[in-house]
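The residues making up each chain are set out below.
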Amino acid sequence: MAMKVYGLPMSTNVARVLVCLEEVGAQYEVVPINFSIGEHKNMEHTARNPFGQVPSFQDGDLILFESRAISKYILRKNQSELVKEGDLPDSAMVDMWLDVESHQFDRPMAVIIHQCLIIPMYLGGENDGNVVEENVEKLKKTFEVYEARLSKFKYLAGDFISLADLSHFPTAYYLLATPHASLLDNYPHVKVWIADILARPTVKKVVEMMKATA
Amino acid sequence: MLRLATIATTLTRKLMAPVKVFGPAASTNVARVLVCLEEVGADYELVDIDFPGKGHKRPDHLARNPFGQVPAFQDGDVILFESRAIAKYVLRKYKSEQLDLLREGNLEEAAMVDVWTEVETHQYHPALSPIVLECFIYPTLRGLPTNQKVVDESLEKAKKVLEIYETHLSKHKYLAGDFVSFADFNHFACTFYFMDATPYSNLFDSYPYVKAWWENLMSRPSMKKLGANMSTRN
Chain A
1 MAMKVYGLPM STNVARVLVC LEEVGAQYEV VPINFSIGEH KNMEHTARNP FGQVPSFQDG
61 DLILFESRAI SKYILRKNQS ELVKEGDLPD SAMVDMWLDV ESHQFDRPMA VIIHQCLIIP
121 MYLGGENDGN VVEENVEKLK KTFEVYEARL SKFKYLAGDF ISLADLSHFP TAYYLLATPH
181 ASLLDNYPHV KVWIADILAR PTVKKVVEMM KATA
Chain B
1 MLRLATIATT LTRKLMAPVK VFGPAASTNV ARVLVCLEEV GADYELVDID FPGKGHKRPD
61 HLARNPFGQV PAFQDGDVIL FESRAIAKYV LRKYKSEQLD LLREGNLEEA AMVDVWTEVE
121 THQYHPALSP IVLECFIYPT LRGLPTNQKV VDESLEKAKK VLEIYETHLS KHKYLAGDFV
181 SFADFNHFAC TFYFMDATPY SNLFDSYPYV KAWWENLMSR PSMKKLGANM STRN
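Going down the list, the sequences are from chains A and B. 27 is the number that our numbering gives to position 27 of the first sequence; each next residue is one higher, with no gaps. 77 is the number that our numbering gives to position 77 of the second sequence; each next residue is one higher, with no gaps.
Everything labelled a hint here was simulated from the structure, so no lab data went into it. A couple of the hints might just be wrong.
Ranges between beta-carbon positions, derived for each pair [what the hints assert, rightly or not]:
| # | chain 1 | residue 1 | chain 2 | residue 2 | range |
| --- | --- | --- | --- | --- | --- |
| 1 | B | Lys224 | A | Glu44 | 38 to 44 angstroms |
| 2 | B | His122 | A | Pro89 | 46 to 52 angstroms |
| 3 | A | Lys140 | B | Arg142 | 21 to 27 angstroms |
| 4 | B | His122 | A | Lys4 | 17 to 23 angstroms |
| 5 | A | Pro120 | B | Gly41 | 37 to 43 angstroms |
| 6 | B | Lys224 | A | Lys141 | 52 to 58 angstroms |
Quick caveat: nothing in here was measured; it's all calculated off a predicted structure. For each residue, glycine too, the CB sits at the ideal point set by N, CA and C.
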């Protein structure tokens, strides 16, 4: 039976899971969840994700939520090299940079995406310049650290691509659609790294899915 | 013969060297790592970082944690930051038949550990920690008044989160299933401070399964030991 992902690919958290499914070549189905009619808060969806968010995920009788947990499950199930489990230092590097993605990159980026893309395109309003600037400053600090790291290693966890790198792609894709894409010109290694990830066939395929549901 | 003996001694000492954790014991993220070290009975050394003296911004600390945060961690040549990554490294290194707190040999169990670890990060901690900040950290350490509006909004968020935990813990003894795991330990420091340093500990009285789960965790030697050092009531 095919695995099911509930949510729309345009969501960064859904896209994160989809790229893992593509990486392992799994059979899967995307079941759309319509936020505009509150489908994410109905009983059927909250039975899968009690916090009423996306994605949720089903593999046979197993139901999961939280995109990074789902991603690890998919990769682990298929013994993917993207998580390096079984290697103590390498798996720690993957975990560490995945947490960095979640805490230092995704947090300021979520605000920037909301302010620069969601508000003007979907909510018909104007963004709050102060909030944007505050989060751009945080993003710059993060990119400084990434620049130093990526000037020593091809990828974040080392010289091997991992879930830590791929986890960045949906948000990085949206960054390029904001006026702040030019930030990357100040961080040449980060810019090359993002381009490398976005050129990966599995990532390109999911980006097309994101565009189709935006 | 002498050379072999020297090599053997060096190796043994290297094998037994305590791991190092850098940061103050009072930090919730440092405590997250310490609880795991205590649970596996590892030999460790806690090296404090002088925050008021900007110790976290000094080059030697930035070399370990480029974001200038705590904790940082060292095990021989392995240097790590991010408390959850450090904790998982510790739990994997010291794993045994009796001590399997990540369940990585079992797909479904490992997934549930990951799910409830993420939930602590994204739902539980953001609901409870502003209350600790406003009721204890800001008044005590920064001389600021409590922002009651923030506290009240956070309490409403906390109630919604605790309702979900209540339903979940009515079906399982622990968060990832009927076995204690890293997912439960992740909740220790934040909950401890909520109970110890704010006037809202009785919030848990409305969620009997959550309360029982917490009291069960606090009966563990690791948490009693760390709690004694962390308590704000001394």
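Hint check:
1. For lysine 224 of chain B and glutamate 44 of chain A, the hinted distance range of 38 to 44 angstroms is satisfied, since their beta carbons lie about 43 angstroms from each other.
2. The beta-carbon spacing between histidine 122 of chain B and proline 89 of chain A, approximately 27 angstroms, falls outside the hinted interval of 46 to 52 angstroms.
3. The hint said 21 to 27 angstroms for the Cβ distance between lysine 140 of chain A and arginine 142 of chain B, and at roughly 26 angstroms that hint holds.
4. Distance hint for histidine 122 of chain B and lysine 4 of chain A: a CB-CB separation of about 22 angstroms, consistent with the stated range 17 to 23 angstroms.
5. Range check, proline 120 of chain A to glycine 41 of chain B: about 55 angstroms between beta-carbon atoms, so the 37 to 43 angstroms window is missed.
6. Take lysine 224 of chain B and lysine 141 of chain A: their Cβ atoms lie about 38 angstroms apart, and the range 52 to 58 angstroms is violated.
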